[in-house]
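Q: Sequence:
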Amino acid sequence: MGDWRARHNLSISQSHFTEKERGMTQNAILRMFEYNEWAWQRVFPSLAALSDEEYFAERPFFWHSIHGLAVHSYGADWIWLQRCRGVSPSALPAQESVTDLADLRRQWDPVRAELREYVATLTDEQLASDIIYRDTAGKPYAFNLGDLLRHVTNHATEHRSQMTPTLFQLGHPTEQLDYLYFARRPA
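Going letter by letter, the sequence shown gives residues 1 to 187 in the numbering used here.
Label pairs and their in silico Cβ distance ranges:
id, residue 1, residue 2, range
1, Asp130, Arg184, 30 to 36 Å
2, Ala91, Ala183, 32 to 38 Å
3, Gln169, Ala120, 34 to 40 Å
4, Tyr181, Ser97, 30 to 36 Å
5, Gln169, Ala128, 39 to 45 Å
6, Asp135, Thr25, 26 to 32 Å
7, His64, Trp38, 25 to 31 Å
8, Gln169, Ile132, 40 to 46 Å
9, Arg31, Asp109, 19 to 25 Å
10, Leu170, Asp124, 41 to 47 Å
11, Asp52, Pro165, 16 to 22 Å
These are calculated hints, taken from the structure and not from any lab test.
C-beta: ideal position from N, C-alpha, C; glycine also.
Required output: the full structure, derived from the provided sequences and hints.
A: Written out as structure tokens, the structure reads:
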């Protein structure tokens with residue numbers, strides 16, 4: 001079958017769109033963050049319905065448990081918010097720094113609110129600009145702010161999609177999370 005990128009002369013690391021063409025408007029990114037919050041609010045009741053044994057049980061995730069995956073999701077929101085503010089932390093919050101789901105919500109709810117408040121302050125021009133940050137290993141990177149914020153919401157979707165089948169299997173399904181259910185309305 002081969003690599004389709006090579007067949008079509010495409011590179012994973014480079015986009016053929018210019019900064020202007022891939023631009024993100026404030027309204028569009030606000031909508032993405034509204035959806036992101038809406039979706040998490042449909043996952044949290046299912047997480048709360050888990051027993052401690054289910055929540056902390058070793059699972060075949062990279063993050064080892066539903067707790068680990070949830071803490072990683074919180075940590076990603078936190079670290080990107082810090083980077084947007086010009087701070088480059090050297091580590092994500094450790095799983096051990098979050099004792100349970102209630103503690104996670106105490107730490108994460110304000111971060112998600114701060115992210116939404118931050119996004120609401122941005123202009124289209126700022127969204128088209130780059131931020132410079134260092135990863136946790138100290139390596140410097142430039143990241144278009146609009147793309148970075150797309151990543152934040154896409155990353156959350158990825159990890160919700162890892163959690164929800166397990167929640168379903170454990171008897172705690174979430175409500176529908178597809179963007180369709182967020183965006184559509186009766187005619």
